[in-house]
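There are 2 protein chains.
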Amino acid sequence: MGKLNVTNRTKVKRLPQRASYETEVIYKILDGALVCHLGFIYKGSVNIIPTFYGRKDDLIYIHGSYNSRMLKLFSSGEDVCLSVTIIDGLVLARSAFHHSVNYRSIVMYCKPEEIIDSEEKTKALEIIMNHILQDRWQEVRKPNQKELDVTSVFSFKINEASAKMRTGPPADDKEDYDLDVWAGVIPIKTSYDKPIRDELLRENVVLPEYIRSIEK
Amino acid sequence: MGKLNVTNRTKVKRLPQRASYETEVIYKILDGALVCHLGFIYKGSVNIIPTFYGRKDDLIYIHGSYNSRMLKLFSSGEDVCLSVTIIDGLVLARSAFHHSVNYRSIVMYCKPEEIIDSEEKTKALEIIMNHILQDRWQEVRKPNQKELDVTSVFSFKINEASAKMRTGPPADDKEDYDLDVWAGVIPIKTSYDKPIRDELLRENVVLPEYIRSIEK
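Same order as they appear, the protein sequences are chains A and B. Its first residue numbered 1, the first sequence is counted upward by one per residue in my numbering. Its first residue numbered 1001, the second sequence is counted upward by one per residue in my numbering.
Hints should not be assumed to be uniformly reliable.
[Claimed, not checked] Chain B stretches covered by chain A per the calculated footprint, using a threshold of three residues with CB under 8 Å from any CB of chain A:
1) 1008-1014
2) 1018-1027
3) 1048-1062
4) 1074-1088
5) 1110-1120
6) 1156-1168
7) 1175-1188
Source of the hints: derived by calculation from the structure; they are not laboratory data. Only a predicted model underlies this, so the values are computations on that prediction, with no experimental measurement involved. We put the CB at the ideal spot given by N, CA and C, even for glycine.
Based on the sequences and whatever the hints tell you, model everything.
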């Protein structure tokens, strides 16, 4: 663990006290979110695509169909921007102006590197699947060569990234504390509902423990 | 309500059966999400910033500090890409390959238009705040001129956008239906926890009905 170099692109200029470049902080936020948004330039326009990902050490993995426009473009080695956002709460101040949000976010710039070797590809897919649902990989039917051949996998090195976050209660102007306006934080969380069995599932298959334990 | 023209940028090429260009569908997804991700080019790099927004008719409004890098750039009239993603469920198939996700997403391309007039600006801020928390605006201390002057507000016309979504159970390869692997959908939702009162809140202020009613 350590601290990333701050670059022109990752230096947080607005409210720099909310920023961190510590890998420990960055990894923890990356591990706590489900989806990232990838930004890239295609024919002169900015595009954003949401996608799942997984992390191991200082690498993020993403995957997709080998004929996806985005992944074809990634092979060209252009930089992409990866954004991860977790909203933890609405911060309700007495004034409209001081309303805010408690959040943890990452912005990261990187060059996608394609993974070609089937074994490495399989390992990366395992990391992505277990990021989405811990221990799922061990149960499923693993990808065969034909499936691997139509799946593109890329890694992004986490070396140009910053975290930004806010926690805590609202901060109002001094004179507004006398107002009878409800103020505080409404916590927000992502939760899971009761799993819905596939109707075609064989009767003898029971809900595995690793899924039952994520129920809320 | 109607259907947007499909452009080169909004035409969904991967799994086009999941796409929609109907404004009714697009508006509903936009109204159901909390945060959007904005992509823009700054000094040759793609940047992504998450932000709150609000919608009224065919306009999306966003706001921020007048000296934010992103909003200064928006004044230049360059196109931005707006992405909204709602994850509804993890789709667990018997094979790793057929794992998927139930989601509703929007991708939109637009030219930001700055709103200068204080009254229009205030109206846009009301739309943004009520998008985040219905009826909040009526209770709070409204922005004064000084606050409006340091807030930039932009509108984006929704005329180049597409929706993409998936629903339903996993779709496995025929021969995999014999496997004893649990398959189905784990629904995901964003929910609110019990509101946390600001410690400095006057004792007589009770939790308003519009906040109590969003508790889950």
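Violations among the numbered hints, reported as their numbers in ascending order = The structure breaks hints 2, 5 and 6; every other hint is satisfied.
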